[in-house]
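There are 2 protein chains.
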Amino acid sequence: MTPSATPAYRRLSVEERRSQLLEAALKLFAHRAPEDVSLDDVAEAAGVSRPLVYRYFPGGKQQLYEAALRSAAEELQHCFDEPRQGPLLSRLSRALDRYLSFVDEHDTGFSALLQGGSVVETSRTTAIVDGVRRAAAEHIYRHLGVADPGARLRMTVRTWITAVEAASLIWLDEDKQPPVEELRDWLVEQFVAVLTVTASRDPQTAAVIGALAEDGRD
Amino acid sequence: MTPSATPAYRRLSVEERRSQLLEAALKLFAHRAPEDVSLDDVAEAAGVSRPLVYRYFPGGKQQLYEAALRSAAEELQHCFDEPRQGPLLSRLSRALDRYLSFVDEHDTGFSALLQGGSVVETSRTTAIVDGVRRAAAEHIYRHLGVADPGARLRMTVRTWITAVEAASLIWLDEDKQPPVEELRDWLVEQFVAVLTVTASRDPQTAAVIGALAEDGRD
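Line by line, the protein sequences give chains A and B.
For reference, each letter of the first sequence is one residue, going 1 to 218 in the UniProt record's numbering.
For reference, each letter of the second sequence is one residue, going 1 to 218 in the UniProt record's numbering.
This is chain A alone, in the form it adopts within the complex (with noise of 0.2 Å):
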């Protein structure tokens, strides 16, 4: 081939090329699970020699798989970035949006991870996805306006994150019924009903649910 026939051809900076390996990467764990996907695949999807993704990940298809899962974990996390204005409920209610969109795109992948007995799961890949769920719970303390939750609080709302992933699974499960509106809104419902439940044990997440009654009325 001659230069004249790939024009756009450029040289990637190392940044570069580990992004577009990246990338391509995440696109295959997306939908497939991890053992059905080969270095190979990388590298023909990519559009680069087996050697190049070696070179740039020598721990092969383990740490192609990490690093491909931490990039993954900053997009989830972006999911929940949301500006702390306007009704509460309706804050959640988009970054579950964009959240149930993530699970969408990544289908395979999600349930993969998650399911666990997964050939590439270690403790790294755990770390990984629990410092989402964190993250997660974190987002949801501050916009409730909440510094130093307690005991009662976090257990209601890291118990309903996890509800939240269950619920995600079972969804992919279920051909991704219901409608994902319907889905979003269950959630939200849900997060209200746990935490009154918890409300009337707990004076501070009774306070939340005052702050959030308050909220509706605005």
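For the record, the hints were derived by calculation from the structure and aren't laboratory data.
Note that beta-carbon positions come from the ideal geometry of N, C-alpha and C, so glycine has one too.
One or more of the hints may lead you astray.
As the list claims (entries may be wrong) - Per the computed footprint, the stretches of chain A lying under chain B, defined by three or more beta-carbons under 8 Å from a beta-carbon of chain B, are:
| no. | segment |
| --- | --- |
| 1 | 142-156 |
| 2 | 162-169 |
| 3 | 176-188 |
Unchecked claim - Selected chain A positions facing chain B (Cβ under 8 Å, derived; list incomplete):
| no. | residue |
| --- | --- |
| 4 | L89 |
| 5 | V120 |
| 6 | T159 |
| 7 | T196 |
| 8 | R201 |
Stated by the list, open to error - With beta-carbon atoms standing in for the labels, derived distance ranges:
| no. | chain 1 | residue 1 | chain 2 | residue 2 | range |
| --- | --- | --- | --- | --- | --- |
| 9 | B | Y54 | A | G47 | 48 to 56 Å |
| 10 | B | A211 | A | Q62 | 49 to 57 Å |
| 11 | B | A211 | A | D215 | 29 to 37 Å |
For chain A, the structure is supplied; the task is to place chain B on it using the hints.
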């Protein structure tokens, strides 16, 4: 050692020996992370030689762990056995009492198993855990008198089961606070609350909530 020094000694049958080794293993796996249990520890706890452990479990620790897990899963499923009589929420409450005792007794093993990323986690261990979750859901449908649960009721029940698991892990993580009776009552109330949310969109769940309300009036 002369025979008279061990008068109680008798040769165990294959099944008895297997049970004895499993029981010793389960006790060790209950309170230590799987990576901190060696076959030597199991041999020592059971008072037998390491080669004997290998004779029964030639697949080594992984095989022993899976066998111990299967035995724990059976024990856990017995927690759900509850006669179909008396108020529904009292039955749920009793089943949760047994479940939470199990969690209390197998604390470290329960966390290691469910928190993911464990060295002994495989698609087989995941399948065993999923079997327990499915059994729990089936028990609930039966008690609710629902022969053919629809997608919305299924999602609600399965999500609640995951929430119970998550709450149990958080409870262990928080040094078993709040008191177990409060946790149990909170989980029962959560069950009613999440079903109530679903009931507004799903006639089948609305009927279940109606029956629970009737029940409370008996």
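Do the hints match the structure? See the list:
{"no.": "1", "hint": "142-156", "in the structure": "holds (count 4)"}
{"no.": "2", "hint": "162-169", "in the structure": "holds (count 5)"}
{"no.": "3", "hint": "176-188", "in the structure": "holds (count 4)"}
{"no.": "4", "hint": "L89", "in the structure": "13 Å, violated"}
{"no.": "5", "hint": "V120", "in the structure": "11 Å, violated"}
{"no.": "6", "hint": "T159", "in the structure": "5 Å, holds"}
{"no.": "7", "hint": "T196", "in the structure": "7 Å, holds"}
{"no.": "8", "hint": "R201", "in the structure": "7 Å, holds"}
{"no.": "9", "hint": "B:Y54 with A:G47: 48 to 56 Å", "in the structure": "50 Å, holds"}
{"no.": "10", "hint": "B:A211 with A:Q62: 49 to 57 Å", "in the structure": "51 Å, holds"}
{"no.": "11", "hint": "B:A211 with A:D215: 29 to 37 Å", "in the structure": "34 Å, holds"}
The structure shown violates the earlier hints numbered 4, 5.
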